[in-house]
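Listed below are the residues making up each chain.
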Amino acid sequence: MTRYIIRRSLQSLVLVWISTLIGFSIYQMAPGGPLQFLDDDPRRTQADVERLERVYGIDRTVAVQYVAWAFGEDWLPQTDFWRSGRCLNDAGSCAKGVVRLDFGRSFSFKGTPVIKLIAERIPATFTLAFTSLLISVGIGFPLGIIAALNRGRWPDNVIRVSTVLLNTVPEWWIGLLLLIILGGYLGLVPLGGMCTIGDCTWQSRMHHLLLPATVSAIGGWIGFSRILRFEMLEVLNMDYVRTARAKGLSQRTVLWRHVLRNAMMPFVTGLSGIFLMILSGSVLFEMVFSWPGMGRLAINAINARDYPVMMALFVISSFLGILGVLMVDILYSVVDPRVRYDRTVA
Amino acid sequence: MSSRADAGDLQTKQQTYAGAVFTKIYRDKITVFALLLLAFVIGISVGAPWIGDNVLGFSPTKTNLRMRSKPPTWANEAWPIFQEFTRTCNSDAGCDWSKWGAIFSASRTGLRGCFGSGLGDCHWMGTDDAGRDVLTRAVYGGRISLRIGLWVATISMTLGVAMGLVSGYYATTWIDDIINAIIMTLGSIPLLFLLIILSRIFQPGPEGLALLIGIFGWMGLSRLVRGQIFSIREREYIIASQAIGAPPLRILARHVLPNVSSIIIVSAIFGVAGAIIAEAGLSYLGVGIGPPLPSWGNMMQGSLGNFQNAPWLVITPGLFIFMTTLAIYLIGDGLRDALDPWIRQ
Chain A
6 MTRYIIRRSL
16 QSLVLVWIST
26 LIGFSIYQMA
36 PGGPLQFLDD
46 DPRRTQADVE
56 RLERVYGIDR
66 TVAVQYVAWA
76 FGEDWLPQTD
86 FWRSGRCLND
96 AGSCAKGVVR
106 LDFGRSFSFK
116 GTPVIKLIAE
126 RIPATFTLAF
136 TSLLISVGIG
146 FPLGIIAALN
156 RGRWPDNVIR
166 VSTVLLNTVP
176 EWWIGLLLLI
186 ILGGYLGLVP
196 LGGMCTIGDC
206 TWQSRMHHLL
216 LPATVSAIGG
226 WIGFSRILRF
236 EMLEVLNMDY
246 VRTARAKGLS
256 QRTVLWRHVL
266 RNAMMPFVTG
276 LSGIFLMILS
286 GSVLFEMVFS
296 WPGMGRLAIN
306 AINARDYPVM
316 MALFVISSFL
326 GILGVLMVDI
336 LYSVVDPRVR
346 YDRTVA
Chain B
2 MSSRADAGDL
12 QTKQQTYAGA
22 VFTKIYRDKI
32 TVFALLLLAF
42 VIGISVGAPW
52 IGDNVLGFSP
62 TKTNLRMRSK
72 PPTWANEAWP
82 IFQEFTRTCN
92 SDAGCDWSKW
102 GAIFSASRTG
112 LRGCFGSGLG
122 DCHWMGTDDA
132 GRDVLTRAVY
142 GGRISLRIGL
152 WVATISMTLG
162 VAMGLVSGYY
172 ATTWIDDIIN
182 AIIMTLGSIP
192 LLFLLIILSR
202 IFQPGPEGLA
212 LLIGIFGWMG
222 LSRLVRGQIF
232 SIREREYIIA
242 SQAIGAPPLR
252 ILARHVLPNV
262 SSIIIVSAIF
272 GVAGAIIAEA
282 GLSYLGVGIG
292 PPLPSWGNMM
302 QGSLGNFQNA
312 PWLVITPGLF
322 IFMTTLAIYL
332 IGDGLRDALD
342 PWIRQ
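Going line by line, the protein sequences match chains A and B.
Start counting the first sequence at 6; every next residue gets the next number (our numbering).
Start counting the second sequence at 2; every next residue gets the next number (our numbering).
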């Protein structure tokens, strides 16, 4: 099993490396080059553009730019070919590279280090994402059990119909609608933000968190309840469940000891997918609920053509996603004694 | 007599597969309803120019700066009372529910006036921030959203089937490993981030956006197809055709593909719904389809920051999305049962 964990970790490292390649290519794909915003200034001259390209090191070959961005340029030879102009003039302003958490400086936030911008917003995104995950398990788990135990009867039907209905509209739209009605018209929940400015108490935080977390958990609880219902129905038909019933165990014991334990495994696998979904969806929910997290930063950066921030957000969110999937896989292998660690078929 | 009835029974059972599918759908009331609903949505989207000219009387792109963010015409009187009501809710006194009587009676009068009005006199769903008729734009929006949905389904279905067939057939070889690695990579990065960045950089039109969404949406189908192939590739008929020397491509096309076709069809149908929702999200964030072209997503983008004062901008496109995706989901559900030869009616 240690071997399995090591192999999965190495795989994840490769994935992170691939994500830095994708992230870096954003910089190269930028229409008109990453410094295109200079065109907005009518007084700029060709010399200005060339000077800035030298300062930012965009005149270097793509491979060198990647190495400097990913691994830093302070260890590279001191020539025009290897280093950006900034780094040649002042060794203190050399890029330290993504591996040392230096994502450069933002274009639009007056040269603030990108990592600082992101570090300020990660707690907000995490608060929302983890609360949603908790809520989606908290709601999805009982719903799945109720649906499976009452298959074909009204609780199951009600759950299935509402699941379909919730699935047919974008979840952020439901959020927007609830925000208008509950927040705007009835004044029951705040209209946005993490807490009342000047009164950032914990009650205020909880109050602000309630609607965003519940709404962004919708997809998760639907997913969890579906997985659990399906798995429980499978397990309920197993011989060992019939045996357990036949030897006179109570319904509760059968359910907890035999059914749920076995139905839990796919539930654990579902965790990583739903974690990713919530992380991905944070962009939309943070826009709807004016939540000051990474998602809103992403939209601002995109609208301002702030490429360093975009690249950093992509790499960091990919890293979080990859880490989440890795952790769930490891958890799975610890929990499920049946997982085989060699290459599995099917 | 009885033997004749038996013969009759036997004859009805000698149905073709397509015939059986059709009968099953025909008997499934919910699916029939969903098909009608989808036909209605497709109908109004295709006929949008005619509806715009002859039923609603508005152009989807012509702005009217004197009519910016106006409530529905029939609610002209009711809307201020409603706003009054919301103000009482936000005050310390609590909601003044007695205002609802006035709201209802004012809307009733307004609705009567709207039904009697001439062409282009009534904004049924209000106007947006540039004075364009919201209902007309929503009707036109279906043209974009459905087009994107169909393209995405086509692209992701083609990719998913191709990848799934190949990786299933060549399972546990290096080809399968490569495809699995791609799926794993795409499966562990938050794709919405990438989609937003890419659609901002390329600023694609409807087809380009569909291509972007489709390229990142084939993994689920590919996995499904691969799993199915796994279970059928050791069957006797596959081994038999391998034994008589059939090339892999022929085996894939003639023996494997027909066995997984129902999964493909159903997942393509769900794909259309997923794509419509994805497009709405991207356009809402302002990186999908840009105005003045109306799509259900970018209509809602106009509501950013103004949603309290103009909720019709949010409600109308959302209801159209709801109607369309509900129809698609129900059809997909019905087809899944109908296409399964093991389920008898």
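I should point out that these hints are in silico values taken from the structure, not numbers from a laboratory.
Think of the CB as a built atom: it goes at the ideal place given N, C-alpha and C, for glycine as much as any other residue.
Fair warning: there could be bad hints in the mix.
[Claimed, not checked] Calculated lysine to any residue pairs in the SDA-like style (CA-CA distance at most 25 angstroms, straight line): (1) A:K115 to A:P47; (2) B:K100 to A:K115; (3) B:K25 to A:V166; (4) A:K115 to A:N155; (5) B:K100 to A:Y190; (6) B:K30 to A:G157; (7) B:K25 to A:D161; (8) B:K71 to B:T24; (9) A:K101 to A:T50; (10) B:K30 to A:V166.
[To be verified] These stretches of chain B come out as covered by chain A in the derived footprint (C-beta under 8 angstroms, 3 or more residues): (11) 164-170; (12) 275-284; (13) 307-317; (14) 321-329.
[Stated by the list, open to error] Partial chain B-side listing against chain A, Cβ under 7 angstroms, derived: (15) N91; (16) I176; (17) P191.
Determine which of the earlier numbered hints do not hold for this structure and return their numbers in increasing order. 2, 4, 8, 9, 11 and 16
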